[in-house]
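Residue numbers (my numbering), protein chains in the order written: chain A, 444 to 700; chain B, 10 to 74.
Treat the hints as calculated values from the structure; they're not laboratory data. Check before you lean on any hint, since a few could be wrong.
To be verified - Computed far set for chain A versus chain B, every beta-carbon distance over 12 Å:
no., residue
1, 506
2, 513
3, 587
4, 616
5, 640
Stated by the list, open to error - As a list, the in silico DMTMM-like pairs of lysine to aspartate or glutamate whose alpha-carbon atoms are at most 20 Å apart:
no., chain 1, residue 1, chain 2, residue 2
6, A, 520, B, 38
7, B, 51, A, 566
8, A, 527, B, 47
9, A, 520, A, 446
10, A, 527, B, 38
11, A, 520, A, 552
12, B, 11, B, 61
13, B, 51, B, 28
14, A, 520, A, 558
15, A, 497, B, 61
16, B, 51, A, 521
17, A, 667, A, 531
18, A, 520, B, 34
19, A, 497, B, 38
20, B, 51, B, 63
21, B, 51, A, 657
22, B, 51, A, 531
23, A, 497, B, 34
24, A, 527, A, 558
25, A, 474, A, 682
26, A, 520, A, 569
27, A, 667, A, 682
28, A, 667, A, 685
Owing to the predicted nature of the structure, the values given are computational and were not obtained by experimental measurement. Where a beta carbon is used, it is the ideal one built from N, C-alpha and C, also for glycine.
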Amino acid sequence: MFELLGTTLPSRLLLGTAQYPSPAILADAVKASGTSVVTVSLRREMAGGRAGEKFWSLIRSLGVRILPNTAGCHSVKEAVTTAKMARDVFGTSWIKLEVIGNHDTLQPDVFGLVEAARILCEDGFDVFPYTTDDLVVAERLLEGGCKVLMPWCAPIGSALGPVNITALRSMRGHFPDVPLIVDAGLGRPSHAATVMELGFDAVLLNTAVAKAADPVGMARAFGKAVEAGREAFSSGMLEPRDVAVPSTPTIGRAVFS
Amino acid sequence: MKLLVNGEAHEVAANTLAELLAALDYEGDWLATAVNSDLVHKANRAEFRLSDGDRIEILSPMQGG
């Protein structure tokens, strides 16, 4: 169980809904992962179109909580308006706030992010900011009213896994009481387990599951990795040592010479 | 009236946003609307009056990461 903004969630895995081979595989992957929060977006609807309705009824049938995003927004104004439109449709104050600053890396524009986060928090949103691992930006986001932070561990969709463990560890250490969700860049279940072992509260991923050869199997694998990593963190892991230490008792050893 | 709807030019006889949605065959409670980059709540579409040249965005739920 995971307490997030006053809501108890059964899983520490948040899953994106894009890029699956079919709606049926998306639905099965969501179930297999055990997730209770999925991300969704808003896009232009064709006149007379029903694409949005079909997708929305599928998501509602899964019985999971919705975290709408502002993906693709490159300005504060775009992100703020998209967030308000998402609240109007999805009926939730939760918003995954993305303000993208670079086309190649999809790196957040942290200056715009802080400004948009402040505007939306003042308007009553629960802002989940997609940010970098920069501590000063994190502090500004918290000052602006954010109650949770979502640092990347590598560029979106890159599958590189945590490229700066030191920065992630530092972030965890600086904000011991803030829910921290690693968002973006995870490629393998072991990546998810690694960041969970560092003490992160949850992970959010999409491409690594959706683009796997078997998305349902991969969703299940990520679900297990997130659980394993969290339990390892909670159980207190052994620190690495430079010398060998025998695991079998040496006292009572037979002597044959 | 000349309007830009989801980036496409339209000549539509509609006074309000609700009338525009009906004229273009948009229906359903899963749509989000904005005029000139500002949200227009579902509840306000019927009385929201459009002006020549307005830019309208009509969005609906889609897959997202």
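Checked hints:
| no. | hint | in the structure |
| --- | --- | --- |
| 1 | 506 | holds, 16 Å |
| 2 | 513 | violated, 9 Å |
| 3 | 587 | holds, 21 Å |
| 4 | 616 | holds, 28 Å |
| 5 | 640 | holds, 24 Å |
| 6 | 520(A) with 38(B) | violated, 24 Å |
| 7 | 51(B) with 566(A) | holds, 18 Å |
| 8 | 527(A) with 47(B) | holds, 9 Å |
| 9 | 520(A) with 446(A) | violated, 31 Å |
| 10 | 527(A) with 38(B) | holds, 16 Å |
| 11 | 520(A) with 552(A) | holds, 13 Å |
| 12 | 11(B) with 61(B) | holds, 5 Å |
| 13 | 51(B) with 28(B) | holds, 13 Å |
| 14 | 520(A) with 558(A) | holds, 10 Å |
| 15 | 497(A) with 61(B) | violated, 33 Å |
| 16 | 51(B) with 521(A) | holds, 19 Å |
| 17 | 667(A) with 531(A) | violated, 35 Å |
| 18 | 520(A) with 34(B) | violated, 28 Å |
| 19 | 497(A) with 38(B) | holds, 12 Å |
| 20 | 51(B) with 63(B) | holds, 18 Å |
| 21 | 51(B) with 657(A) | violated, 40 Å |
| 22 | 51(B) with 531(A) | holds, 7 Å |
| 23 | 497(A) with 34(B) | holds, 17 Å |
| 24 | 527(A) with 558(A) | holds, 15 Å |
| 25 | 474(A) with 682(A) | violated, 35 Å |
| 26 | 520(A) with 569(A) | holds, 18 Å |
| 27 | 667(A) with 682(A) | violated, 23 Å |
| 28 | 667(A) with 685(A) | violated, 30 Å |
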